[in-house]
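Protein chains: 2
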Amino acid sequence: MLYIGIDLGGTNIAAGIVDEKGNILKKDSVPTLAERPIEEIVNDMASLCRRLLAEENISIDDIEAIGLGCPGTVDSQNGIIAYANNLKMKNTPIREMLGDRFPGKRIKLENDANAAAFGEYAVNGGGAGSFVFITLGTGVGGGVIIDGKLYKGFNGAGAELGHTTLVLDGEPCSCGRNGCWEAYASVTALIRQTKAAMDSAPDSSMHRWVEENGKVSGRTAFDCARNGDKAAQAVVDNYVKYVADGIVDTINIFQPETLLIGGGISKEGEYLLGPIREYVEKYDYNKYMPKTKIGAATLFNDAGIIGAALSE
Amino acid sequence: MLYIGIDLGGTNIAAGIVDEKGNILKKDSVPTLAERPIEEIVNDMASLCRRLLAEENISIDDIEAIGLGCPGTVDSQNGIIAYANNLKMKNTPIREMLGDRFPGKRIKLENDANAAAFGEYAVNGGGAGSFVFITLGTGVGGGVIIDGKLYKGFNGAGAELGHTTLVLDGEPCSCGRNGCWEAYASVTALIRQTKAAMDSAPDSSMHRWVEENGKVSGRTAFDCARNGDKAAQAVVDNYVKYVADGIVDTINIFQPETLLIGGGISKEGEYLLGPIREYVEKYDYNKYMPKTKIGAATLFNDAGIIGAALSE
Numbered sequence: 397m398l399y400i401g402i403d404l405g406g407t408n409i410a411a412g413i414v415d416e417k418g419n420i421l422k423k424d425s426v427p428t429l430a431e432r433p434i435e436e437i438v439n440d441m442a443s444l445c446r447r448l449l450a451e452e453n454i455s456i457d458d459i460e461a462i463g464l465g466c467p468g469t470v471d472s473q474n475g476i477i478a479y480a481n482n483l484k485m486k487n488t489p490i491r492e493m494l495g496d497r498f499p500g501k502r503i504k505l506e507n508d509a510n511a512a513a514f515g516e517y518a519v520n521g522g523g524a525g526s527f528v529f530i531t532l533g534t535g536v537g538g539g540v541i542i543d544g545k546l547y548k549g550f551n552g553a554g555a556e557l558g559h560t561t562l563v564l565d566g567e568p569c570s571c572g573r574n575g576c577w578e579a580y581a582s583v584t585a586l587i588r589q590t591k592a593a594m595d596s597a598p599d600s601s602m603h604r605w606v607e608e609n610g611k612v613s614g615r616t617a618f619d620c621a622r623n624g625d626k627a628a629q630a631v632v633d634n635y636v637k638y639v640a641d642g643i644v645d646t647i648n649i650f651q652p653e654t655l656l657i658g659g660g661i662s663k664e665g666e667y668l669l670g671p672i673r674e675y676v677e678k679y680d681y682n683k684y685m686p687k688t689k690i691g692a693a694t695l696f697n698d699a700g701i702i703g704a705a706l707s708e
Numbered sequence: 397m398l399y400i401g402i403d404l405g406g407t408n409i410a411a412g413i414v415d416e417k418g419n420i421l422k423k424d425s426v427p428t429l430a431e432r433p434i435e436e437i438v439n440d441m442a443s444l445c446r447r448l449l450a451e452e453n454i455s456i457d458d459i460e461a462i463g464l465g466c467p468g469t470v471d472s473q474n475g476i477i478a479y480a481n482n483l484k485m486k487n488t489p490i491r492e493m494l495g496d497r498f499p500g501k502r503i504k505l506e507n508d509a510n511a512a513a514f515g516e517y518a519v520n521g522g523g524a525g526s527f528v529f530i531t532l533g534t535g536v537g538g539g540v541i542i543d544g545k546l547y548k549g550f551n552g553a554g555a556e557l558g559h560t561t562l563v564l565d566g567e568p569c570s571c572g573r574n575g576c577w578e579a580y581a582s583v584t585a586l587i588r589q590t591k592a593a594m595d596s597a598p599d600s601s602m603h604r605w606v607e608e609n610g611k612v613s614g615r616t617a618f619d620c621a622r623n624g625d626k627a628a629q630a631v632v633d634n635y636v637k638y639v640a641d642g643i644v645d646t647i648n649i650f651q652p653e654t655l656l657i658g659g660g661i662s663k664e665g666e667y668l669l670g671p672i673r674e675y676v677e678k679y680d681y682n683k684y685m686p687k688t689k690i691g692a693a694t695l696f697n698d699a700g701i702i703g704a705a706l707s708e
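Protein chains in written order, with this note's numbering: chain Z, 397 to 708; chain E, 397 to 708.
Treat the hints with care, as some may be off.
[Said to hold, decoys possible] Distance condition first, Cα-Cα at most 30 Å in a straight line; then the derived DSS-like pairs of lysine-lysine:
{"no.": "1", "chain 1": "Z", "residue 1": "Lys683", "chain 2": "E", "residue 2": "Lys689"}
{"no.": "2", "chain 1": "E", "residue 1": "Lys637", "chain 2": "E", "residue 2": "Lys422"}
{"no.": "3", "chain 1": "Z", "residue 1": "Lys591", "chain 2": "Z", "residue 2": "Lys501"}
{"no.": "4", "chain 1": "Z", "residue 1": "Lys501", "chain 2": "Z", "residue 2": "Lys663"}
{"no.": "5", "chain 1": "Z", "residue 1": "Lys611", "chain 2": "Z", "residue 2": "Lys637"}
{"no.": "6", "chain 1": "Z", "residue 1": "Lys486", "chain 2": "E", "residue 2": "Lys422"}
{"no.": "7", "chain 1": "Z", "residue 1": "Lys484", "chain 2": "E", "residue 2": "Lys484"}
{"no.": "8", "chain 1": "E", "residue 1": "Lys545", "chain 2": "E", "residue 2": "Lys591"}
{"no.": "9", "chain 1": "E", "residue 1": "Lys486", "chain 2": "Z", "residue 2": "Lys683"}
{"no.": "10", "chain 1": "E", "residue 1": "Lys484", "chain 2": "Z", "residue 2": "Lys687"}
{"no.": "11", "chain 1": "E", "residue 1": "Lys689", "chain 2": "E", "residue 2": "Lys637"}
{"no.": "12", "chain 1": "Z", "residue 1": "Lys637", "chain 2": "E", "residue 2": "Lys678"}
{"no.": "13", "chain 1": "E", "residue 1": "Lys423", "chain 2": "E", "residue 2": "Lys663"}
{"no.": "14", "chain 1": "Z", "residue 1": "Lys545", "chain 2": "E", "residue 2": "Lys501"}
{"no.": "15", "chain 1": "Z", "residue 1": "Lys545", "chain 2": "E", "residue 2": "Lys422"}
{"no.": "16", "chain 1": "E", "residue 1": "Lys637", "chain 2": "Z", "residue 2": "Lys689"}
{"no.": "17", "chain 1": "E", "residue 1": "Lys678", "chain 2": "Z", "residue 2": "Lys486"}
{"no.": "18", "chain 1": "E", "residue 1": "Lys484", "chain 2": "Z", "residue 2": "Lys678"}
{"no.": "19", "chain 1": "Z", "residue 1": "Lys545", "chain 2": "E", "residue 2": "Lys683"}
{"no.": "20", "chain 1": "E", "residue 1": "Lys484", "chain 2": "E", "residue 2": "Lys422"}
{"no.": "21", "chain 1": "Z", "residue 1": "Lys486", "chain 2": "E", "residue 2": "Lys417"}
{"no.": "22", "chain 1": "Z", "residue 1": "Lys484", "chain 2": "E", "residue 2": "Lys486"}
{"no.": "23", "chain 1": "E", "residue 1": "Lys611", "chain 2": "E", "residue 2": "Lys678"}
{"no.": "24", "chain 1": "E", "residue 1": "Lys545", "chain 2": "Z", "residue 2": "Lys545"}
{"no.": "25", "chain 1": "Z", "residue 1": "Lys611", "chain 2": "Z", "residue 2": "Lys687"}
{"no.": "26", "chain 1": "Z", "residue 1": "Lys484", "chain 2": "E", "residue 2": "Lys422"}
{"no.": "27", "chain 1": "Z", "residue 1": "Lys486", "chain 2": "E", "residue 2": "Lys545"}
{"no.": "28", "chain 1": "E", "residue 1": "Lys637", "chain 2": "Z", "residue 2": "Lys637"}
{"no.": "29", "chain 1": "Z", "residue 1": "Lys687", "chain 2": "E", "residue 2": "Lys687"}
{"no.": "30", "chain 1": "Z", "residue 1": "Lys687", "chain 2": "Z", "residue 2": "Lys663"}
{"no.": "31", "chain 1": "Z", "residue 1": "Lys687", "chain 2": "E", "residue 2": "Lys486"}
{"no.": "32", "chain 1": "E", "residue 1": "Lys683", "chain 2": "E", "residue 2": "Lys422"}
{"no.": "33", "chain 1": "E", "residue 1": "Lys545", "chain 2": "Z", "residue 2": "Lys689"}
{"no.": "34", "chain 1": "Z", "residue 1": "Lys678", "chain 2": "E", "residue 2": "Lys687"}
{"no.": "35", "chain 1": "E", "residue 1": "Lys663", "chain 2": "E", "residue 2": "Lys689"}
{"no.": "36", "chain 1": "E", "residue 1": "Lys626", "chain 2": "E", "residue 2": "Lys545"}
{"no.": "37", "chain 1": "Z", "residue 1": "Lys678", "chain 2": "E", "residue 2": "Lys422"}
{"no.": "38", "chain 1": "Z", "residue 1": "Lys683", "chain 2": "E", "residue 2": "Lys545"}
{"no.": "39", "chain 1": "Z", "residue 1": "Lys626", "chain 2": "Z", "residue 2": "Lys591"}
{"no.": "40", "chain 1": "Z", "residue 1": "Lys591", "chain 2": "Z", "residue 2": "Lys683"}
The hints are simulated quantities; they were obtained by calculation from the structure and are not laboratory data.
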């Protein structure tokens, strides 16, 4: 069984032909150019799909369904992007628009964070009855899979795990509240924390790292900490605590069989996961029953394509 | 169809005969006397059930199942209380023990907070596809019902909504962490907050209230605030914010169709619910899709009996 998954982002449209196990047979991407008319964006999505099919000698008739993952508030049931700031879309009937280009083909619509979560679940979830995926990126995204299905609440807007308070009245968050987990545990937050630490530690090797690498990134503090820089280690320790504390919250709520952490920073591997596991072991409310398995996600940018292809 | 629900608490054993709609035909309670041998407690549970049946002229054969709600960490699947501090129970095969007193009868075991949530869902949930119940009491308890079933995670220990951070490194919580929602939004916390406010406001009418009522309670600040006491109003405003902020978190995660707030303090009605709704309206991440209905629970102590009787 073959599917097409499309990951529509503010910068790129990525698409791939995906088999039922989550293998990508072929993928490519084109620029979104989000400022242009939506019809043109949908045309390019359709052209990309057709090109991938042609290059693999696959007929559209052999495609079970086309899944589309989109940012913003997505009304999966009605096939509408209710609002997507970085795509300039509001009440956009994107499923119908894409369906017009593929008459008779089933088109599925999903929020991009949920699609990515489903991709990780499909490939790395091992059929877990309950599964949570956390992405640490520009924001903190989440996705929850219960009994093989995305949990999204009655209105489809749930699983916003990053938008839960970590510090009441704390740092401002993009959502309009203060103190959300996202405002402490995103890579955006880590960069802010790194810059603040550099300001108060003029001798830190982080300054040299930035000279060599052009700018502060989510890797600055981790790289320098690994080389023994104390100020960098303090940044990492604090950041890990922010991440881990939110993960304890998530586990106390969902007690998922498996929880995977994704986003570029999950490449830090055990350097990130080890302390998180230790923190969770210490503070998890559950002391008497089996424990959630915590691991790193593996699909990175492919998760959205695979999840869009395979989710319901 | 008739059921028996038992709510086993540290102080009392309450039980009732419940019909399939959640009506209690007859109920009563006896002291738990938690320090005595478990066999004696189970004997008293069984006697209480038999007495209720006799008083209503109902045969045990007409009872579909007996449900038992217990505090602590409950392994529903295996019918075991893994750990219950206030019952001095550890790895107690309570389902088997109660089953021995009612041969052939189906016995169900549930965590007490989950049982109460299921009771509120059964009676007040209106068949919502997603439903959350929050109790503000000694602690902050939670229960989540998805597609008509309690959500408890893979190990049965989930839905500990009160044990999620509101203030990182904040007030100590009974669970061993600091800054949990429970440490700010429970009635225990409200009493602590009220006492602190009284210490710094010697002229507050709260002092007179306490003289008249014997001790500080969850009602002290609410009653005095309603009569125009400013220090009391500040306590209520802060407390409502603590409660409401955690409810925003819960909604951002679950986006339940209905969320009910229970515990004695929910008797404050709109005085509590109005400001909570306002806060949620302002800070809910979901701006474009239908909104969660927020209301007060109605069953109070009966919720546990009804939920134990009717949950799976």
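Consistency of the hints with the structure:
1. Z/Lys683 / E/Lys689: The hint is violated at about 34 Å.
2. E/Lys637 / E/Lys422: violated (39 Å)
3. Z/Lys591 / Z/Lys501: violated (50 Å)
4. Z/Lys501 / Z/Lys663: violated (37 Å)
5. Z/Lys611 / Z/Lys637: holds (24 Å)
6. Z/Lys486 / E/Lys422: Answer violated: lysine 486 of chain Z to lysine 422 of chain E is near 55 Å, above 30 Å.
7. Z/Lys484 / E/Lys484: Violated, at about 59 Å.
8. E/Lys545 / E/Lys591: violated (40 Å)
9. E/Lys486 / Z/Lys683: Distance ~12 Å between lysine 486 of chain E and lysine 683 of chain Z Cα, so the pair holds.
10. E/Lys484 / Z/Lys687: holds (23 Å)
11. E/Lys689 / E/Lys637: holds (18 Å)
12. Z/Lys637 / E/Lys678: Judged against 30 Å, a Cα distance of about 29 Å means the pair holds.
13. E/Lys423 / E/Lys663: Holds, at about 22 Å.
14. Z/Lys545 / E/Lys501: violated (34 Å)
15. Z/Lys545 / E/Lys422: Given pair lysine 545 of chain Z, lysine 422 of chain E is violated - Cα atoms ~40 Å apart, limit 30 Å.
16. E/Lys637 / Z/Lys689: violated (34 Å)
17. E/Lys678 / Z/Lys486: The hint holds at about 21 Å.
18. E/Lys484 / Z/Lys678: holds (23 Å)
19. Z/Lys545 / E/Lys683: Measuring from Cα to Cα gives roughly 24 Å; hence the hint holds.
20. E/Lys484 / E/Lys422: Status holds; Cα separation ~29 Å.
21. Z/Lys486 / E/Lys417: Measuring from Cα to Cα gives roughly 43 Å; hence the hint is violated.
22. Z/Lys484 / E/Lys486: This hinted pair is violated, its Cα atoms lying about 57 Å apart.
23. E/Lys611 / E/Lys678: violated (36 Å)
24. E/Lys545 / Z/Lys545: Holds, at roughly 15 Å.
25. Z/Lys611 / Z/Lys687: violated (39 Å)
26. Z/Lys484 / E/Lys422: violated (60 Å)
27. Z/Lys486 / E/Lys545: violated (35 Å)
28. E/Lys637 / Z/Lys637: Satisfied, since the Cα-Cα distance of roughly 25 Å is no more than 30 Å.
29. Z/Lys687 / E/Lys687: Since the Cα atoms of lysine 687 of chain Z and lysine 687 of chain E sit roughly 34 Å apart, the hinted pair is violated (cutoff 30 Å).
30. Z/Lys687 / Z/Lys663: With a Cα-Cα distance of about 23 Å, the restraint between lysine 687 of chain Z and lysine 663 of chain Z holds, given a limit of 30 Å.
31. Z/Lys687 / E/Lys486: holds (18 Å)
32. E/Lys683 / E/Lys422: Violated - the C-alpha atoms of lysine 422 of chain E and lysine 683 of chain E are around 45 Å apart, more than 30 Å.
33. E/Lys545 / Z/Lys689: With Cα atoms ~24 Å apart, lysine 545 of chain E and lysine 689 of chain Z stay inside 30 Å; holds.
34. Z/Lys678 / E/Lys687: violated (36 Å)
35. E/Lys663 / E/Lys689: Holds, at roughly 18 Å.
36. E/Lys626 / E/Lys545: violated (44 Å)
37. Z/Lys678 / E/Lys422: Given pair lysine 678 of chain Z, lysine 422 of chain E is violated - Cα atoms ~44 Å apart, limit 30 Å.
38. Z/Lys683 / E/Lys545: holds (24 Å)
39. Z/Lys626 / Z/Lys591: At roughly 15 Å apart (the allowed maximum being 30 Å), lysine 591 of chain Z and lysine 626 of chain Z satisfy the hint.
40. Z/Lys591 / Z/Lys683: violated (38 Å)
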